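**Student:** I would like the entire structure built from these sequences, with the hints used as guidance.
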Amino acid sequence: MIDIAIEKRLKVYHGRQILKIDRRFADGSITKIYGPSGAGKTTFLKIIAGLISPEKGRITVDNTTWLDTNININLSPQKRKTGFVFQDYALFPNMTVIEHLAYATNHKDWITRLLILGKLDTLTNHKPVHLSGGQQQRLAILRALAIKPKLLLMDEPFSALDPEMKTELIQELKVVFKELNITVLIVSHNPAELDGLVDGELYISDFSL
Amino acid sequence: MDLSPIWLTLKLAAITTLLLLIVGLPVAWWLSKGRSFFKTIIEAVITMPLVLPPSVLGFYLLLAFSPQHGLGKWLQNTFDIQFVFSFQGLVLASFIYSMPFMVGPIKSALQQLPASLAQASYTLGKTKWQTFKSILIPNIKPSLLTAIVLTFAHTLGEFGVVLMIGGNIPRVTRVASIAVYDSVERMDYAAANTYSLILFCITFVMVIGLFIFNKYQAKSPLE
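Line by line, the protein sequences are chains S and R. Throughout the first sequence, residue numbering follows this note's numbering, covering 1 to 209 in sequence. Throughout the second sequence, residue numbering follows this note's numbering, covering 210 to 432 in sequence.
Calculated directly from the structure, the hints in this document are not laboratory data. Treat the hints with care, as some may be off.
Once the Cα atoms are required to be at most 20 Å apart in a straight line, the calculated EDC-like pairs of lysine to aspartate or glutamate come out as [unchecked claim]:
(1) Lys150(S) / Asp3(S)
(2) Lys350(R) / Glu99(S)
(3) Lys148(S) / Asp162(S)
(4) Lys178(S) / Asp162(S)
(5) Lys11(S) / Asp27(S)
(6) Lys337(R) / Asp162(S)
(7) Lys148(S) / Glu193(S)
(8) Lys127(S) / Asp68(S)
(9) Lys342(R) / Glu99(S)
As the structure is a prediction and not an experimental result, all values here were calculated from the model.
**Tutor:** In structure tokens:
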């Protein structure tokens, strides 16, 4: 069980607004996060990963406290080790496909399986600059999965994939999510994109101050 | 023909560049992350040698490390180290004088890398050091090489600051730029020409090499 209650002030173009979320996510659940641009969806994921600190809040994951501003607990991103798929992919320009995965894990069998899952097994020695947008996005997903995270945070993870590839990949990911019992939060703008994958939704609205 | 000023200059430039690489990398990384008044002050201090006349810097270093006064006297009495009119004094002066050439390009390159690169590495459980070594440094190679070449070349050409703190002692502090000046003073234009030509050629080859390397590296997606 993941229990999150956070408050974070956001600076936006037209002034300030507050990101306030109080929500529980069951183990192994897959939740779609949606809402208007600038409402704080990406910030919410980064707060969970430990990349941004909120002014107030508490995050507990399976009875382990990751964040509690009342008692000054704030675990580093390294200790939280969430899988994170960044909106801009954040691929390492100096590394090939295989090096991305080897940087994340030493398990060769798992790397081989991921490469097949993402259909990148014939491109192992390619650097990101030589991959298409869809291939780069798949690599970003595989790298996040490489650490076998308990919690996977995905920021617009399927935006660059063609419909056929998206459907196929989502089916494959469902199997992996279930197998590893991963709790997944997915930010998406596309209303129908995650049909059949998610079992819950979270709407983040923009509360102006 | 005494070539010792050339060797001394190359030795000084190599030691200074190596020391600045070791110190400059973490300093540039620290400066590239966030902003604070303290960081602004430190950055201004590091940048000062770019705008300060070298003789002014040399004069203050001469005062600070003179064995007759405060810090210089204490260093002499406690550690038996003398920075004035010695090779280590040249290294210290060059270190301070060339620091902006090492820190500046590396800091700018680190700032231009997307923040998400380091963040992605952290979420994979990697420490700051592992991220710095495996992700940040390999992706700023052209700027790193620029910093190294600029620092080396700039140290080769130092004159005012090394003359002030080191003087003109043969085989100890007489570097090539001082040897050129000294030769002209003695009307020995042939020696001055030889020293100048050697310095010109070394610097030219280094800068050409840098441009060729960086042109090739410009194919990197981050350039």
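**Student:** Against each hint, give a clear statement of whether it holds in the structure.
**Tutor:** Results for each hint:
1. Note on Lys150(S) and Asp3(S): the hinted pairing holds, with a Cα-Cα distance of about 14 Å set against a maximum of 20 Å.
2. Of the supplied pair hints, the one linking Lys350(R) and Glu99(S) holds, its CA atoms being roughly 18 Å apart against a limit of 20 Å.
3. Taking the CA atoms of Lys148(S) and Asp162(S), the gap is about 26 Å. The hint is violated against a cut of 20 Å.
4. Straight-line distance between C-alpha atoms of Lys178(S) and Asp162(S) comes to about 24 Å, which puts the hinted pair past the 20 Å bound.
5. Between Lys11(S) and Asp27(S) the CA atoms are separated by roughly 32 Å; this puts the pair beyond 20 Å, and the hint is violated.
6. Among the hinted pairs, Lys337(R) with Asp162(S) is inconsistent with the structure: their alpha-carbon atoms are about 36 Å apart, more than 20 Å.
7. For the given pair, Lys148(S) sits about 24 Å from Glu193(S) by alpha-carbon distance, which is inconsistent with the 20 Å threshold.
8. As the CA atoms of Lys127(S) and Asp68(S) are separated by approximately 40 Å, the hinted pair breaks the 20 Å bound.
9. A threshold of 20 Å between alpha carbons decides the hint, and for Lys342(R) with Glu99(S) the separation of about 15 Å falls inside it, so the pair holds.
When the structure is compared with the earlier hints, violations turn up for hints 3, 4, 5, 6, 7, 8 and for no others.
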